[in-house]
Amino acid sequence: VDATGENGAEPAGMSAAVESAAPAATAVRRGRNYARNYWPFIFPAGVVVAAIIVFPWVFTLYMSVHDWHIGSPVTFVGAANYQRLLTDERFQWSILRTLYFTTLAVFFPMVIGIAAAVCFARNFMFRGIARTIFIMPMMATPVAVALVWTMMFHPQLGVLNYLLTSVGIPPFTWVYDANTVIPTLVMVETWQWTPLVMLIVLGGLASLPQDPYEAAKLDGANGWQCFWHISLPLVWPHIIVAMVIRTIDALKAFDTIFVISNGGPGTASETMNLLLYLEAFSFYDMGYASAIVVVFFIIILMISLVLFSVRQRERMA
Amino acid sequence: MNALAMRRIAGRIGFYFCVFLLISPALLVFLWMLSLSLKNEVDNMAFPPVFIPNPPTLANFIDVFEKNDFLSYSINSVIVSFSATGLALLIGVPAGFGIAKTKATRAAALVMIARVTPGLSYLIPLFLMFQFLELSGTLWPLVITHLVITVPIVVWVMIGFFEGLPGELEEAALVDGATIWQAFRHVALPLARPGITVSTILAFIFSWNNFIFGVVLSGRETRTLPVAVYNVLTFEQVSWGPLAAAALLVTAPVLVLTLFAQKQIVAGLTAGGVKGG
Chain A
1 VDATGENGAE
11 PAGMSAAVES
21 AAPAATAVRR
31 GRNYARNYWP
41 FIFPAGVVVA
51 AIIVFPWVFT
61 LYMSVHDWHI
71 GSPVTFVGAA
81 NYQRLLTDER
91 FQWSILRTLY
101 FTTLAVFFPM
111 VIGIAAAVCF
121 ARNFMFRGIA
131 RTIFIMPMMA
141 TPVAVALVWT
151 MMFHPQLGVL
161 NYLLTSVGIP
171 PFTWVYDANT
181 VIPTLVMVET
191 WQWTPLVMLI
201 VLGGLASLPQ
211 DPYEAAKLDG
221 ANGWQCFWHI
231 SLPLVWPHII
241 VAMVIRTIDA
251 LKAFDTIFVI
261 SNGGPGTASE
271 TMNLLLYLEA
281 FSFYDMGYAS
291 AIVVVFFIII
301 LMISLVLFSV
311 RQRERMA
Chain B
1 MNALAMRRIA
11 GRIGFYFCVF
21 LLISPALLVF
31 LWMLSLSLKN
41 EVDNMAFPPV
51 FIPNPPTLAN
61 FIDVFEKNDF
71 LSYSINSVIV
81 SFSATGLALL
91 IGVPAGFGIA
101 KTKATRAAAL
111 VMIARVTPGL
121 SYLIPLFLMF
131 QFLELSGTLW
141 PLVITHLVIT
151 VPIVVWVMIG
161 FFEGLPGELE
171 EAALVDGATI
181 WQAFRHVALP
191 LARPGITVST
201 ILAFIFSWNN
211 FIFGVVLSGR
221 ETRTLPVAVY
231 NVLTFEQVSW
241 GPLAAAALLV
251 TAPVLVLTLF
261 AQKQIVAGLT
271 AGGVKGG
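Chains as they are written, first to last, in our numbering: chain A, 1 to 317; chain B, 1 to 277.
The reader is advised that the hints may include incorrect statements.
Only pairs whose alpha carbons sit at most 20 Å apart, straight line, appear in this in silico SDA-like list of lysine to any residue [to be verified]:
{"id": "1", "chain 1": "B", "residue 1": "K263", "chain 2": "A", "residue 2": "W39"}
{"id": "2", "chain 1": "B", "residue 1": "K67", "chain 2": "B", "residue 2": "N40"}
{"id": "3", "chain 1": "B", "residue 1": "K263", "chain 2": "A", "residue 2": "A178"}
{"id": "4", "chain 1": "B", "residue 1": "K263", "chain 2": "A", "residue 2": "R127"}
{"id": "5", "chain 1": "B", "residue 1": "K263", "chain 2": "A", "residue 2": "I133"}
{"id": "6", "chain 1": "B", "residue 1": "K263", "chain 2": "A", "residue 2": "F124"}
{"id": "7", "chain 1": "B", "residue 1": "K263", "chain 2": "A", "residue 2": "V118"}
{"id": "8", "chain 1": "B", "residue 1": "K103", "chain 2": "A", "residue 2": "V118"}
{"id": "9", "chain 1": "B", "residue 1": "K103", "chain 2": "A", "residue 2": "P40"}
{"id": "10", "chain 1": "B", "residue 1": "K263", "chain 2": "A", "residue 2": "F126"}
{"id": "11", "chain 1": "B", "residue 1": "K103", "chain 2": "A", "residue 2": "R36"}
{"id": "12", "chain 1": "A", "residue 1": "K217", "chain 2": "B", "residue 2": "R7"}
{"id": "13", "chain 1": "B", "residue 1": "K263", "chain 2": "A", "residue 2": "G128"}
{"id": "14", "chain 1": "A", "residue 1": "K217", "chain 2": "B", "residue 2": "R8"}
{"id": "15", "chain 1": "B", "residue 1": "K263", "chain 2": "A", "residue 2": "R36"}
{"id": "16", "chain 1": "B", "residue 1": "K103", "chain 2": "A", "residue 2": "W39"}
{"id": "17", "chain 1": "B", "residue 1": "K263", "chain 2": "A", "residue 2": "A35"}
{"id": "18", "chain 1": "B", "residue 1": "K103", "chain 2": "A", "residue 2": "S309"}
{"id": "19", "chain 1": "B", "residue 1": "K263", "chain 2": "A", "residue 2": "R122"}
{"id": "20", "chain 1": "B", "residue 1": "K263", "chain 2": "A", "residue 2": "S207"}
{"id": "21", "chain 1": "B", "residue 1": "K263", "chain 2": "A", "residue 2": "P40"}
{"id": "22", "chain 1": "B", "residue 1": "K103", "chain 2": "A", "residue 2": "L305"}
{"id": "23", "chain 1": "B", "residue 1": "K103", "chain 2": "A", "residue 2": "F43"}
{"id": "24", "chain 1": "B", "residue 1": "K103", "chain 2": "A", "residue 2": "P44"}
{"id": "25", "chain 1": "B", "residue 1": "K263", "chain 2": "A", "residue 2": "G46"}
{"id": "26", "chain 1": "A", "residue 1": "K217", "chain 2": "B", "residue 2": "A5"}
{"id": "27", "chain 1": "A", "residue 1": "K217", "chain 2": "B", "residue 2": "G11"}
{"id": "28", "chain 1": "B", "residue 1": "K263", "chain 2": "A", "residue 2": "A121"}
{"id": "29", "chain 1": "B", "residue 1": "K263", "chain 2": "A", "residue 2": "G203"}
{"id": "30", "chain 1": "B", "residue 1": "K263", "chain 2": "A", "residue 2": "L305"}
{"id": "31", "chain 1": "B", "residue 1": "K103", "chain 2": "A", "residue 2": "A35"}
Pulled from the structure, derived: some chain A residues nowhere near chain B, Cβ distances all over 10 Å [to be verified]:
{"id": "32", "residue": "R131"}
{"id": "33", "residue": "Y176"}
{"id": "34", "residue": "K217"}
{"id": "35", "residue": "G263"}
FYI, nobody ran anything at the bench for these hints, they're computed from the structure.
Because the structure is a prediction, the values reported are computed rather than measured.
All C-beta atoms, glycine included, are put in the ideal place defined by N, C-alpha and C.
So here's chain A without its partners, still in its complex pose (with noise of 0.2 Å):
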């Protein structure tokens, strides 16, 4: 029976020592990994954004319901600056102008920068110069590019009208008439934010397998059809969250409007963000254009949380 009991012990007495050490392993893996360990690597950054960035969201939300000039005493006045928003033309102009802006930066971009991504796709000569040349418009200072632009949009030494004489159109008002300063505008966006496009669904046909193309192949579609019915639907998420972010971009859009056309003529191209520095920075007026940014902001933060779910269920899958 004692040797039994011995031998079935000792069995038991391992199996006891490896259970015990595997949760001894574990907790001491656990304390090591525990989340609180790590927040000495996030709290500077921590600080630092609560300071610059949260701060800033709160103190905006506190000046929206005061009457806050420069150099005049702050006081209370409760929602009046967001009644003034609702009965507030200009302010109402702003908003449909910007999401006119809004709607044809956003198609344009993207048309044409699927089209490139899917040119940029090939295996061709030259296509790292190529495509160096095609996000040149991104990276550049958009301060410089808008100020060229503004210099070829000359209605008499302009370039651009030189050009289009020269096949035979007749001249454009461009940035010079109320009806057409919103296009132009949006020209130069589509200019420069289509290599973001391309870039993004780029990245998503890079990422594609091969076997459906092949598949498709010796089933004889074509190159069309290849498009239409693989690539297309396989880099959809790739499309919507570059049009999500487009849709951000193209919403908070200010350094080349403010270069090229200032809002104007008149009132003509001045958006949400022009209209709200023009207040803050021009008639001092902190209060109100507290109330717009929060306006501004929730319209934003509506999107950009479209954008996070559309990320987290990508990674996911």
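Using the hints, position chain B against chain A.
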């Protein structure tokens, strides 16, 4: 068979024509910028326009440096962009590591929101804050606000890179008795060097290109290059040659970086997905 070969050649020519169409707008603007900057004032005002400078002149570039404080604006830009990028790396790389390891989705979402919020919305409170702190007239307000751009870029790119690294090496180091800091410093950090390169380049470019913060926060002495080229050159002299030359000088560092680091920029923008500012 011959018809097929013909069709193939026609298709190839058509394809190259499409590629040419795609890059021609970019070529047009940059070559026109170059052309304007190398021509004298008479040729720049000529109609029909003179396309090829004959003879090319560097007078416009000399003009930019002689008639303006271009050198001190360049120094401002260099100080602001380098400090903002350096500080962002110092705090952003560890933060990216921490967020990736703890899978702090909410912190990542905060960074994401910070990146998509319009720059102007930070400016009003920060503008008042800098007035209150009496920092106006120094470069500090610019360096601090540029962190609004650079920190989210660095953190966002680094989260992606640290998530992509295999965790086994660090875990092995931890089991061997290394502290988390040592595992980060000697294992994760060397592996993430490509990610650090990407985030440095992107943070630097978007800080360098930034206009909106500078136009509000900088005084006469503290202008960065994009603000200087807008303010000084558009209002104090309207001639096209020096203006184009200055524009070219402002954007040249970024274009050169794009040429040499195209691979990293493409990788960063494709993975990170969002531009800054």
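*Quick one, are K263 (chain B) and W39 (chain A) close enough, alpha carbons at most 20 Å?*
33 Å, violated
*Are the Cα positions of K263 (chain B) and A35 (chain A) separated by 20 Å at most?*
Roughly 34 Å between the alpha carbons, so the hint for K263 (chain B) and A35 (chain A) is violated.
*Under the criterion that the straight-line Cα-Cα distance not exceed 20 Å, is the pair K103 (chain B), R36 (chain A) satisfied?*
Distance ~12 Å between K103 (chain B) and R36 (chain A) Cα, so the pair holds.
_Can you confirm whether the C-alpha distance between K263 (chain B) and F124 (chain A) stays at or below 20 Å?_
Holds, because 18 Å separates the two Cα atoms, which is no more than 20 Å.
_Does G11 (chain B) sit within 20 Å of K217 (chain A), going by the straight-line distance between their CA atoms?_
With a Cα-Cα distance of about 18 Å, the restraint between K217 (chain A) and G11 (chain B) holds, given a limit of 20 Å.
_Given hint I133 (chain A) paired with K263 (chain B) - CA-CA distance at most 20 Å_ = Roughly 13 Å between the alpha carbons, so the hint for K263 (chain B) and I133 (chain A) holds.
*Is it true that the CA of K263 (chain B) sits at most 20 Å from the CA of R127 (chain A)?*
Cα-Cα ~13 Å, so holds.
*Take a quick look at whether K103 (chain B) and L305 (chain A) sit within 20 Å of each other, Cα to Cα.*
18 Å, holds
*Given hint F43 (chain A) paired with K103 (chain B) - CA-CA distance at most 20 Å*: Holds, at roughly 15 Å.
*Within 20 Å, alpha carbon to alpha carbon, are K263 (chain B) and G46 (chain A)?*
Roughly 31 Å between the alpha carbons, so the hint for K263 (chain B) and G46 (chain A) is violated.
*If you draw a straight line from the CA of K263 (chain B) to the CA of R122 (chain A), is it 20 Å or shorter?*
17 Å, holds
_For a C-alpha distance cap of 20 Å, please report whether K217 (chain A) and A5 (chain B) respect it._
19 Å, holds
Consistency with the previously given hints fails for numbers 1, 3, 8, 15, 17, 21, 25, 30, 32, ordered from lowest to highest.
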